[in-house]
Amino acid sequence: MRDEQCIFCRIAAGEVPCAKIYESERLLAFLDIAPSMKGHTLLVPKEHYRTLLDLPSDLGEEILAALKVVGRAVMEGTGADGLNFGVNTNAAAGQVVMHAHFHLIPRFAGDGLKLWGQTSYAGKEEMNDYAQRIASAVRS
Numbered sequence: 199m200r201d202e203q204c205i206f207c208r209i210a211a212g213e214v215p216c217a218k219i220y221e222s223e224r225l226l227a228f229l230d231i232a233p234s235m236k237g238h239t240l241l242v243p244k245e246h247y248r249t250l251l252d253l254p255s256d257l258g259e260e261i262l263a264a265l266k267v268v269g270r271a272v273m274e275g276t277g278a279d280g281l282n283f284g285v286n287t288n289a290a291a292g293q294v295v296m297h298a299h300f301h302l303i304p305r306f307a308g309d310g311l312k313l314w315g316q317t318s319y320a321g322k323e324e325m326n327d328y329a330q331r332i333a334s335a336v337r338s
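Take any residue in the sequence shown, count from 1 to its spot, add 198: that is its number in the numbering used here.
Keep in mind the hints are simulated off the structure, nothing from the lab.
Just so we're clear, the structure is a prediction, and the values are computed from it rather than from any experiment.
A portion of the hints provided could be inaccurate.
No more than 27 Å apart at the CA atoms, straight line, and that leaves these computed lysine-lysine pairs for BS3-like [said to hold, decoys possible]: (1) LYS312 - LYS236; (2) LYS266 - LYS236; (3) LYS218 - LYS236; (4) LYS312 - LYS266; (5) LYS266 - LYS244.
Taking CB as the label site, the calculated pair distances span [what the hints assert, rightly or not]: (6) GLY277 - LEU253: 27 to 33 Å; (7) ASP309 - ALA263: 23 to 29 Å; (8) ALA232 - SER338: 33 to 39 Å; (9) LEU257 - ILE231: 23 to 29 Å; (10) ALA333 - ARG208: 37 to 43 Å; (11) ILE231 - ALA289: 17 to 23 Å; (12) ASP309 - ARG270: 15 to 21 Å; (13) PHE306 - SER334: 38 to 44 Å.
Think of the CB as a built atom: it goes at the ideal place given N, C-alpha and C, for glycine as much as any other residue.
Turn these sequences into a full structure, and let the hints steer you where they fit.
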C-alpha cells in the first residue's frame with residue numbers, strides 16, 4: 199500500500215531524492231533532513247503504515263535486524279559514543295510524518311542534546327494505578 203501524498207512513500211518509490219544509507223526489499227534508511235545531530239538517520243518501511251502500532255508483526259524481525267545493522271553503521275560512520283533509537287507514535291508524541299519510522303540519533307559525550315523530560319508519580323498508589331490500567335489494556 200502507498201499514500202501518494204506521503205513524503206516517505208515518495209522517497210521509498212524513488213520520486214524524491216534522499217541521502218540513502220541502507221535498502222532492502224521492504225525497508226529504506228536515509229539521513230533526516232532536519233537532524234537532531236549530524237548523522238541522524240531514519241529507517242522506514244517502503245509500504246505505508248501510519249504508526250508503529252500499524253506495522254505487520256512479520257516485519258518486526260526485519261526491522262530489528264536493520265536497526266542493528268544501520269545503528270552500528272551510524273556509530274562507526276559518525277564516531278558516535280552512543281546511539282538513541284526513537285519512535286514517535288501520533289502527533290501528540292512528536293510524529294510529524296504520518297508514516298511509521300524509526301530514528302537513529304548518534305550521540306557524543308557532552309553533546310547536550312536532551313530528548314525527554316522527566317515527571318514523577320504522586321506516590322506508589324498512583325504508580326500502581328497506572329500499572330494496573332496499562333496491564334489491563336494488555337490483557338484485553
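Comparing the hints with the structure gives:
1. Simply put, LYS312 and LYS236 have alpha-carbon atoms about 15 Å apart, close enough for the 27 Å limit, and the pair holds.
2. Under the criterion of a C-alpha separation no larger than 27 Å, the hint pairing LYS266 with LYS236 is consistent with the structure, at around 19 Å.
3. Taken as a hint, the LYS218 and LYS236 pair is honoured in the structure, with Cα atoms around 14 Å apart against an allowance of 27 Å.
4. Only pairs whose Cα atoms come within 27 Å are accepted, and LYS312 paired with LYS266 is accepted, the gap being roughly 23 Å.
5. A threshold of 27 Å between alpha carbons decides the hint, and for LYS266 with LYS244 the separation of about 18 Å falls inside it, so the pair holds.
6. Restraint check, GLY277 to LEU253: a C-beta distance of roughly 31 Å satisfies the suggested window 27 to 33 Å.
7. The supplied range of 23 to 29 Å is met by ASP309 and ALA263, whose beta-carbon atoms lie about 27 Å from each other.
8. Range check, ALA232 to SER338: Cβ separation about 38 Å, and the 33 to 39 Å hint holds.
9. One distance hint, 23 to 29 Å for the beta-carbon pair LEU257 and ILE231, holds here, with the actual separation near 24 Å.
10. For ALA333 and ARG208, the hinted distance range of 37 to 43 Å is satisfied, since their beta carbons lie about 40 Å from each other.
11. The beta-carbon spacing between ILE231 and ALA289, approximately 19 Å, falls within the hinted interval of 17 to 23 Å.
12. Take ASP309 and ARG270: their Cβ atoms lie about 19 Å apart, and the range 15 to 21 Å holds.
13. With their beta carbons about 41 Å apart, PHE306 and SER334 fall inside the hinted range of 38 to 44 Å.
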